[in-house]
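J.: Listed below, chain by chain, are the residues.
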Amino acid sequence: MKRAELERDHSVVSFSDADLYQRGAETLIASWEAYADAAVGAAVHRLPGVAAAVFPNGAERGIYNNALLDRDLGNAGRRRALDAMEAAYAAAGVTRFAAWVHERDDALRADVTARGYTFDSATRAMAMPLADVSLPHPEIDWVPLAWSDYLRMFALPQDLLGGRGHEALRLIAARVDGASVAAAMAFERNDDCGIYNVGTLAAFRRRGLGTALTALHLHDAAARGCRTASVQSTPMAEGVYRAVGFRDMGRYLEYVPSD
Amino acid sequence: MAAAATGIPDSELVELARDGSQEAFEALVLRHGDRLHATLRSFGLTTTEADDVAQETLLRAWRGLAAFEGRSGFFTWVYRIGFNEAQRRLARRPPADQESDEALERVADSRPATHAAAEHRELARALDHALRRLAPELRAPVLLRDVEGRSTSEAAAILDLHPAALKSRLHRGRMALREQLAAYLT
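Protein chains in written order, with my numbering: chain D, 611 to 869; chain H, 34 to 219.
So here's chain H without its partners, still in its complex pose (with noise of 0.2 Å):
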């Protein structure tokens, strides 16, 4: 099923793994994981926690397929699981300022080629510090707007806010992020 299903719109997909067909859930398995598991990936979460997130997304997707309306597409419904995994899951970590071995291995071994690249790491772990000094419900605004690139309404559907909590929450962790980066910026 699942390499016979190229072709068969995700629409379709859906209707028969409602139906109870585990190989027309897995064909969607197949089709949109790596793109899940690179989005987590993008919220700031190592391989192995990446990892665990996009299962536990998958399986709530699978459990929950009843509930899934169709007013979207099958990846953004899937996609406001997993980010909202993501974020349960950062909020578990330790103290910012205890990277994980795997985020000081990536640092370490990307060694700078130029003055300037050198520069520009250190600001992109800076940025990834302070986003994760950020509140919760001021770092999943800045993360779906500046990171991920989605417009207010898509962010405020996927956190569940009205467009204007949003935008007030995208303000406040924006402002709060230029204050942590004051020394990169000026």
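Just chain D, with the same shape it has in the complex (with noise of 0.2 Å):
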């Protein structure tokens, strides 16, 4: 077959490393504003560089106040996103949030500091075309999972995102012996499949759960017609998903105003 033959099928147009990144970032993105629709007073504010998801009230405060800037803006761009995320944030009565900044943005990270933001947390941005799973669609014992069923699994506060989530919002749970034990969100937006909070109740670890349930979204992604997926990753899980097949798009770096 030839090159423009394969490129016709789906499955096997490539994707370079900056469609990815970009892909996931929209998805991201995207989530934060099904979280913001179901929560009171909540929206993501899309500004000139940056995305802020800002959330005033209740359980979701504490929680989903995070921005994402854009990568390799000029200075006066960098300048006017910093300026425009805190406007918002100080609009809203919003005083801990964090930026997130790609690692690889020196000039970005250099700012924010200077601005007297401080290093938080990191998580890494994993991508990866659908085409490229690496492991068969697995045979466990799965469930949806209502959303209150999942707050409850991982102690959450139960009136989050008003206690019902987001329709939006595909949870699935693993379990084991008729109990649900492990867990994994997904959300897709323009063909991309983010999937988010992969997570197992500690007595079920060590079993592959969680890369079973990331392996069945991204199946069923797939057959929906998905053609990419995106993580955010802990360092811990970070070796479970290169298995599956993402590839490493760069760490976010979350940085916090100082108090």
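Honestly, the hints are just simulated from the structure, not real lab data. Some hints could be false.
Unchecked claim - Residues from chain H that keep clear of chain D, each with C-beta distances beyond 10 Å, as calculated: (1) Glu56; (2) Arg64; (3) Ile114; (4) Pro169; (5) Asp193; (6) Leu194; (7) Ala197; (8) His204; (9) Tyr217.
As the list claims (entries may be wrong) - Label-pair restraints from in silico Cβ distances: (10) Arg93(H) to Ala756(D): 36 to 46 Å; (11) Thr80(H) to Arg852(D): 19 to 29 Å; (12) Asp730(D) to Ala124(H): 52 to 62 Å; (13) Ala701(D) to Thr81(H): 48 to 58 Å; (14) Thr80(H) to Ala701(D): 45 to 55 Å; (15) Asp84(H) to Asn685(D): 52 to 62 Å.
Model, not experiment: these values are computed from the prediction. Using N, Cα and C, we set each Cβ at its ideal position, and we do this for glycine too.
Bring the two chains, given one by one in their own frames, into a single complex with the hints.
T.: Pasting the structure below:
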């Protein structure tokens, strides 16, 4: 088959790392918008150079106030983005939030540090074309999971996102002896499947349940026509995602304003 | 062995200890014992309490070496055991207004040299009281994040919490602290 014919087939369209990164970032921001839809008084402000998720109320205030800054802006662009981000949070009376900066954007890192922000945490952005999934469809006992059960499972506030979540958040759970012991969330946008909040109860770790749920989401997303997938991985989970086929897109460094 | 352990990485000492070498474990204790004790003190334990909890922590570590998977450093693993032991000990304490003699002596002995120093000490004491009044599930995130300076993912791993649950409890803990310390913050 010639390359042109191959590329007409969705499953073999090649994606550059830059494409994958951008698609993952857009899905992430869209997932924040879904959270905001379900929360009182919340919104995601798409401002020049930054998307700021502003959650001024309730249980969400301590969890979802995050802003993703664009990469490789010029001097003026960085200043404008940081000013806009700070203004958005100040207008909502939110003093604690996390500014997400890509680790390879040295100029932006220097700017946020100069403004008194301190490094707090990091997650690794990872992404992949779904044609690269290396695991077979897993044979596990799984069920769709209600938002309220997800909250209970991981000791989250019962009123988070109104206690109902959002219909666009696909939650599934792996079961052992009939009990839900691991969960994973998926959210799709523009044929990219973001997989978030993969977690397993302590007594059931090291059984591959998180990996199996991730693979399940990937296969189902591909069946629905998605072409790529993205995750934000903690350091402990990076090896698992690499094994599944995810590529490293670099870390998001989370900076918080100093007290 | 303990003296000869200088330069041997923790991972090798852990392997030897797993194979039953008490000397290797003693070398690990010598290497990390003081740091563990200082950490326990920073959680608000008295010297005597920290002595007891450090001993209990190291005993648990020795018994649990087989379960240590090496996904974190040895000290991080011991830290997690120690942190949870310290929280258990703090939860058994009498109510916050009945300070231990040692804590009172610490305050009395540290006479302020200046007015500013006195204010600082008063605030520190108020903060200590406020922390102790927090429910344990809120105090632990505040201690790890704001006193110890751990990252969200580290604190969540230590407490075995979902990162969002950690953030939620941290927020509630900070709000409760702010309320208790309102008189000092205005």
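J.: Checking each numbered hint in turn, tell me which of them this model violates, lowest number first.
T.: 5, 6, 7, 8, 11 and 12
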